[in-house]
Amino acid sequence: MLSRIAESMFWIGRYVERAEDTARILDVQTSLLLEDATLDVDETCHGLLSIMGVDDAPEHVDLGYVLQTLAYDPRSPVSIAAAIGAARESARRARETLSVPLWEVINTTNRDIVSGRFATRRTPGVFQWVRERAALVNGTADATMTRDEGWQFLMLGRCIERADMTSRLVATASVTSGTTDQWTSTLRACGAYEAFLRTYRGLSTERAAAEFLLLDRLFPRSVVFSLNRAEQCLDNLESGGQRAGIQNDAQRLLGRTRAELEYRSLSDVVADLPTEMERLQRTCAMATEAVTKRFFAGAEALAWHGMGGA
Amino acid sequence: MFEGYETSGPAYDEMFDGDTLRSPYLRLRETLATLTQPEIVTRVEALQAGYLDQGVTFDIGGEERAFPLDILPRVIEQDTWTTLDSGVQQRVKALEMFLADIYDAGQVFDDGVIPRRVITTSSHYHRAAANVRPPNGVRVHVSGIDLIRDNAGEFRVLEDNVRVPSGVSYVMTNRRAISSALPETTAAHRIRPVAGYPQRLLAALRAAAPAGVTDPTVVVLTPGVYNGAYFEHALLARTMGVELVEGRDLECRRGRVMMRTTQGLAPVHVIYRRVDDEFLDPVHFRADSMLGVPGLIDAARAGNVVLANAVGNGVADDKLVYTYLPDIIRYYLSEEPVIKNVDTWRVGDAGAREEVLDRLDELVLKPVDGSGGKGIVIGPRATRAELDELRGKILDSPRDWIAQPVVQLSTVPTFVDGELGPRHVDLRPFAVNDGNRVWVLPGGLTRVALAKGELIVNSSRGGGSKDTWVLAGPSVSHAELGAETAPVEEPAPVEVVETSRDAAPAETPGPAITAMHEQAEQQQQLGPPVVEGRRTSLETPGGDRPC
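Taken in order, these protein sequences are the chains called G and Z.
Last residue of the first sequence: 310 in the numbering used here, with the numbers rising by one and none dropped.
Last residue of the second sequence: 547 in the numbering used here, with the numbers rising by one and none dropped.
Think of the hints as simulated: they come from the structure by calculation, not from any bench.
Treat the numbers as computed from the prediction; the structure is a model and nothing was measured.
Backbone N, C-alpha and C fix where the C-beta goes; we use that ideal spot for every residue, glycine too.
One thing to keep in mind: the hints can contain errors.
Among chain Z residues calculated to face chain G with C-beta under 8 Å, some are [said to hold, decoys possible]:
#1 48
#2 54
#3 56
#4 244
#5 245
#6 249
#7 255
#8 259
#9 260
#10 261
#11 453
#12 454
Computed Cβ-Cβ distance ranges for the label pairs, DEER-style [to be verified]:
#13 G/128 / Z/153: 55 to 65 Å
#14 Z/123 / G/293: 39 to 49 Å
#15 Z/10 / G/77: 56 to 66 Å
#16 G/132 / Z/83: 52 to 62 Å
#17 G/293 / Z/131: 37 to 47 Å
#18 Z/406 / G/132: 54 to 64 Å
#19 Z/213 / G/144: 28 to 38 Å
#20 G/144 / Z/183: 57 to 67 Å
#21 Z/187 / G/132: 28 to 38 Å
#22 Z/213 / G/245: 34 to 44 Å
#23 Z/31 / G/119: 38 to 48 Å
#24 Z/183 / G/279: 37 to 47 Å
#25 G/77 / Z/117: 20 to 30 Å
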């Protein structure tokens with residue numbers, strides 16, 4: 001498969017997941033702000049923005065600003081609108097390799113943003129809509145794509161992004177923690193609340209919730225689950241069976257981080273969650289770089305320094 | 001729904017002769033008679049929404065727009081089509097022989113059919129193409145011959161496109177869209193299918209492979225997503241099942257062309273390139289081109305890769321050469337042209353010049369090397385000052401100009417803004433040459449000027465398109481209709497991938513989405529800035545722009 005196409009597939013996976021997870025995070029935070037009158041709006045909003053990578057926020061921000069930056073404004077690089085636009089742009093570049101239904105699902109989702117319908121959707125309905133569109137994209141991909149390299153890259157992108165975003169979700173929960181409510185909503189945002197209650201038999205503590213979101217091997221949005229899947233994808237892409245060690249840098253990075261999470265004691269991991277989560281996000285960024293270097297570098301533009309039209 | 005439809009002016013209306021319905025449209029009117037106005041409007045809306053959802057678009061200045069498609073098809077009867085088919089075939093054959101000759105011995109010059117300087121002074125003449133013999137002798141793998149219908153209803157050739165003609169994708173998407181918008185009407189006709197085009201093209205491209213390559217790897221080379229015809233490039237690559245590559249995906253090594261894959265470099269044998277000559281190879285042409293592949297031309301000259309269409313074809317669809325085409329057809333084929341040219345004066349000839357200068361205010365004057373309609377002056381619409389300026393230019397360099405009468409394009413009923421009215425159309429049939437036979441896609445792209453009285457059909461000027469139905473005669477059985485697809489070869493086995501891990505030069509990794517302005521500009525293949533002239537329906541869409 002062409003390197004450039006592989007790169008597009010990887011980023012479709014990432015952007016679609018990013019749109020979905022941003023919607024999940026915003027869903028939790030907005031409802032918390034509305035329900036919990038004791039929260040300091042300014043502080044919560046700032047915390048949220050900084051976790052999502054916005055460093056240049058003005059001194060005073062309100063919920064409207066947060067929603068504009070993280071959801072509606074297509075010019076803000078961290079918004080849902082921008083992520084959907086970028087997913088569609090990547091899809092357009094790989095259009096001849098996508099199945100027609102998959103292309104159309106991505107394209108019509110983006111049409112909503114271009115036509116301005118998206119901007120008129122209100123919270124929390126808009127988050128529901130984003131989740132549903134993402135489910136439609138993922139479901140269509142699952143139902144129509146052959147399990148070739150393109151699929152592996154799509155899954156790889158999705159898993160890396162999911163590990164990254166779940167870590168951000170966990171980080172937001174710990175920023176405003178102190179209330180069990182916060183963790184309940186966080187679990188709800190992942191659609192994990194019921195599964196969590198069943199698993200821990202109603203014993204809901206902050207520690208258990210963090211453990212579930214970070215380390216559960218069976219829950220598909222947990223960090224460890226996502227890292228595992230990403231490692232698998234890389235394994236499938238590197239077909240030659242290695243007898244010793246791991247040759248792929250990305251795989252090594254992801255594997256080491258996963259092992260650290262799993263083999264350290266839980267108390268150690270949750271002692272300083274924000275820092276821990278930031279480390280995880282750095283690993284995801286480095287893994288992306290390693291994947292780019294290993295598989296996509298061929299797509300680098302080759303500069304030709306001619307001597308004029310000879 | 002055709003009550004109140006009024007044809008206007010001297011233009012030939014393809015559906016009505018005064019109040020009388022012309023025979024190709026009998027069934028169309030019959031089946032549409034039951035549709036009410038609101039129902040038509042609903043279907044038109046569904047048609048437009050469908051194109052947006054599917055992303056059937058073209059780009060102008062980097063902005064994507066849905067390609068307007070009129071709901072009423074244009075119908076061409078079997079007999080008429082048979083003539084067009086043979087006329088297009090004849091023209092392509094003559095153009096092939098002409099190109100083979102001028103890039104070789106140049107017999108046509110020695111025999112006095114066309115002066116040598118007409119060719120050598122053409123900006124599209126490339127020495128790089130001289131003495132290169134394509135493996136199966138084909139230079140014009142794909143061509144689009146633009147036809148119009150004059151006031152008497154006779155088809156004429158307006159221009160030839162043998163470089164990178166575009167628009168064929170819309171022929172295929174239009175058919176699908178119209179058959180779902182007008183299922184009753186479609187079912188009542190026996191329409192020759194157009195869906196077989198990609199297989200025909202693939203077969204022709206495979207047949208063009210370098211000697212000795214039994215299972216060639218074919219790719220489509222696109223300037224990129226910012227190019228106006230990107231939708232078409234992606235559709236052709238997808239329906240042929242081949243890779244769609246950009247210049248940066250390819251690399252030349254020791255005279256061979258390779259593409260960069262996740263598994264290393266893989267060889268490429270046939271490139272269906274949708275990049276203009278000037279951008280193909282910075283070594284030979286524009287050194288600042290980011291769309292091309294350094295070394296590509298040398299690889300092609302060495303016979304290791306085949307470019308379709310061949311480099312240097314532009315000399316054959318030059319406007320001045322166009323005026324010699326009837327003679328060229330007689331010279332190579334000893335036949336009379338089946339489809340005539342539009343009457344054209346070569347201003348360089350003294351006799352013609354006098355007449356042209358006398359009638360400057362009623363003719364269309366075109367510069368011979370202008371593409372994209374640049375510098376064209378329409379006499380009846382020009383001011384006195386413009387005409388005087390033109391006169392001066394003509395006297396300065398008469399052989400840079402040709403003149404044509406103002407041609408009225410024929411009209412077809414078209415549904416615009418909830419109303420039915422006559423609109424002007426042209427027709428671009430597409431021909432594929434696999435070396436054994438020139439195959440003409442039954443139909444072609446009908447472009448329609450959506451504004452009333454407008455003669456400019458280009459999509460960049462608010463033009464749309466129509467589905468074009470070529471009717472199968474009663475002698476054609478349904479089985480034959482169905483079988484009218486490509487001579488499909490055995491399916492291509494999995495390509496052999498040469499792995500070389502250290503091959504790809506790893507530089508700084510780029511972000512996934514970068515908006516590179518310069519790249520965007522080049523992908524639209526804008527030439528150097530040229531003084532804006534008037535564009536008319538008679539313009540040549542130079543290179544691969546939206547049709």
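For each hint, the structure was consulted:
For residue 48 of chain Z, the interface hint is violated, the least distance from its beta-carbon to any beta-carbon of chain G being 12 Å, above 8 Å. Evaluation of the residue 54 of chain Z hint against chain G yields a held restraint, the C-beta minimum of about 6 Å falling below 8 Å. Because the closest C-beta pair between residue 56 of chain Z and chain G is about 10 Å apart, greater than 8 Å, the hint is violated. Annotation: interface hint on residue 244 of chain Z holds; nearest CB of chain G at approximately 5 Å, less than 8 Å.
Using the Cβ-Cβ criterion of 8 Å, the hint placing residue 245 of chain Z at the interface with chain G is satisfied: the shortest such distance is roughly 6 Å. Against a cut-off of 8 Å between C-beta atoms, the interface hint on residue 249 of chain Z holds, since the closest Cβ of chain G lies about 5 Å away. Below 8 Å, beta-carbon pairs count as interface contacts, and residue 255 of chain Z has none with chain G, the closest being about 17 Å; its hint is therefore violated. Annotation: residue 259 of chain Z was flagged as interfacial toward chain G, and the flag holds, the nearest CB pair being 6 Å apart, inside 8 Å.
Interface hint at residue 260 of chain Z: satisfied, since its Cβ lies 3 Å from the closest Cβ of chain G, which is below the 8 Å cut-off. At its closest, the beta carbon of residue 261 of chain Z sits 6 Å from a beta carbon of chain G; the interface hint therefore holds under the 8 Å criterion. For residue 453 of chain Z, the suggested interface contact is broken, since its CB lies about 32 Å from the closest CB of chain G, more than 8 Å. The beta carbon of residue 454 of chain Z is not positioned within 8 Å of any beta carbon in chain G (closest approach about 28 Å), and the interface hint is therefore violated.
Checked against the hint of 55 to 65 Å, the pair residue 128 of chain G and residue 153 of chain Z passes, with Cβ atoms roughly 59 Å apart. One distance hint, 39 to 49 Å for the beta-carbon pair residue 123 of chain Z and residue 293 of chain G, holds here, with the actual separation near 43 Å. For the pair residue 10 of chain Z and residue 77 of chain G, the supplied restraint of 56 to 66 Å holds, since their beta-carbon distance comes to about 58 Å. About 55 Å separates the C-beta atoms of residue 132 of chain G and residue 83 of chain Z, a value consistent with the hinted range of 52 to 62 Å.
A hinted range of 37 to 47 Å holds for the C-beta pair residue 293 of chain G and residue 131 of chain Z, which are about 44 Å apart. Distance hint check for residue 406 of chain Z and residue 132 of chain G: the Cβ-Cβ separation is about 56 Å, which falls inside the suggested range of 54 to 64 Å. Against the hinted window of 28 to 38 Å, the Cβ-Cβ separation of residue 213 of chain Z and residue 144 of chain G comes to about 33 Å, which satisfies the hint. In this structure, residue 144 of chain G and residue 183 of chain Z break the distance hint of 57 to 67 Å, their C-beta atoms being roughly 26 Å apart.
The hinted window of 28 to 38 Å between residue 187 of chain Z and residue 132 of chain G holds, with their beta carbons roughly 37 Å apart. For residue 213 of chain Z and residue 245 of chain G, the Cβ-Cβ distance of about 40 Å falls inside the hinted range of 34 to 44 Å, so the restraint holds. With their beta carbons about 43 Å apart, residue 31 of chain Z and residue 119 of chain G fall inside the hinted range of 38 to 48 Å. With their beta carbons about 60 Å apart, residue 183 of chain Z and residue 279 of chain G fall outside the hinted range of 37 to 47 Å.
Look at residue 77 of chain G against residue 117 of chain Z: about 57 Å separates their beta carbons, and that is not inside 20 to 30 Å.
Comparing the model with each numbered hint stated earlier shows that hints 1, 3, 7, 11, 12, 20, 24 and 25 do not hold.
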